[in-house]
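Quick note, the sequences are listed as chains A and B, same order. Position 72, counted from 1, in the first sequence is what my numbering calls 1027; the numbers after and before it change by one each time, with no gaps. Position 96, counted from 1, in the second sequence is what my numbering calls 216; the numbers after and before it change by one each time, with no gaps.
Simulated from the structure, these hints should not be mistaken for laboratory data. Hints are not guaranteed to be accurate.
As the list claims (entries may be wrong) - Pairs of lysine to aspartate or glutamate residues, derived as EDC-like cross-links and limited to a Cα-Cα distance of at most 16 angstroms, are as follows:
no.: 1; chain 1: A; residue 1: Lys972; chain 2: A; residue 2: Glu1042
no.: 2; chain 1: B; residue 1: Lys152; chain 2: A; residue 2: Glu1042
no.: 3; chain 1: B; residue 1: Lys217; chain 2: A; residue 2: Glu1042
Unchecked claim - Stretch-level coverage of chain B by chain A, calculated; a stretch enters the list once three of its residues show a Cβ under 8 angstroms from a Cβ in chain A:
no.: 4; stretch: 176-186
no.: 5; stretch: 195-209
no.: 6; stretch: 240-251
Glycine is no exception: its CB is placed at the ideal position from the N, C-alpha and C atoms.
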Amino acid sequence: MAIEKGQTFNGSEKVDKYRPIYYAGASGDFNPIHIDPEFGKMVGLGGAILQGLCTLAFASKTVTDWAGDPGKLKRLKCRFSAPVLMEDTISVQGTVTDVQSGRARVELRVVNQQGVEVLQKVEAEVEA
Amino acid sequence: MAIDTKFIGKTYPSYTYEVGREKIKEYAKAIKNFDPHYLDDDFAAKSKYGAIIAPPTFAVVFGAYLIEPVFNDRDLNLNMAMLVHGEQELEFFEVVKAGDAVTTGAKIISIQNKEKLDVIAVEVQSRNQHGRDVCRGIYTFVVRK
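Sequences and hints are given; from them, build the entire structure.
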């Protein structure tokens, strides 16, 4: 696959009710804000929120699905900017902003169903 | 109570994590990633990697073994009730395969005291059993005051 500047791709993921529990088990992140809705309400989050690194994993999947080979992903970064709640739908759109010396730079827009950016400054680098 | 900047440069003892094939599958399913590189033994055996590989972000699973001691560091004394994960950066080198033994170390690389919050960044470096880099991560946490 030839990667060219301006190319776009996308993906989306629905956050089912039990996703933070599965992610907690797999990752070890059992912080109560992720697995206990009452605790989440108590600290003003409106319920349990998804682990930010799970949202980043969704964004990463969109990139590796597009690249076709997980080993091509060389760099990934983000800022966690808004909480992700259960039943949210996370949409990821990637745009190739530059291709140089075998590396494609990709900017990602990661939003919930209301268009709120749940991750910001999301950048990836992929072997071109 | 501000985080003392004297902890910049502090390192934490390394930890060697054995990457289990079933753990990779469990993680892949948890992030709803059904790529056969992670889940299909036959596909993986025939792939260029010759084995089940871990999703790139699996690096945070072994990375967590070095973040936990930072969170539990009584000298550093982070206020966990006020801490949120602010930013994450991951740089990937050699792909992680099932059966690898990944050794990870960590170092506090910056502490910034601001008016209403402190920001602390931890660099986490992981190498495989061949001594080759697999991932370098920077975890940035924000602690509200």
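Right, here's what the structure says about each hint:
1. A:Lys972 - A:Glu1042: holds, 6 angstroms
2. B:Lys152 - A:Glu1042: holds, 15 angstroms
3. B:Lys217 - A:Glu1042: violated, 33 angstroms
4. 176-186: holds (count 5)
5. 195-209: holds (count 6)
6. 240-251: With 0 residues closer than 8 angstroms to chain A, the stretch 240-251 of chain B misses the three-residue bar; violated.
Consistency with the previously given hints fails for numbers 3, 6, ordered from lowest to highest.
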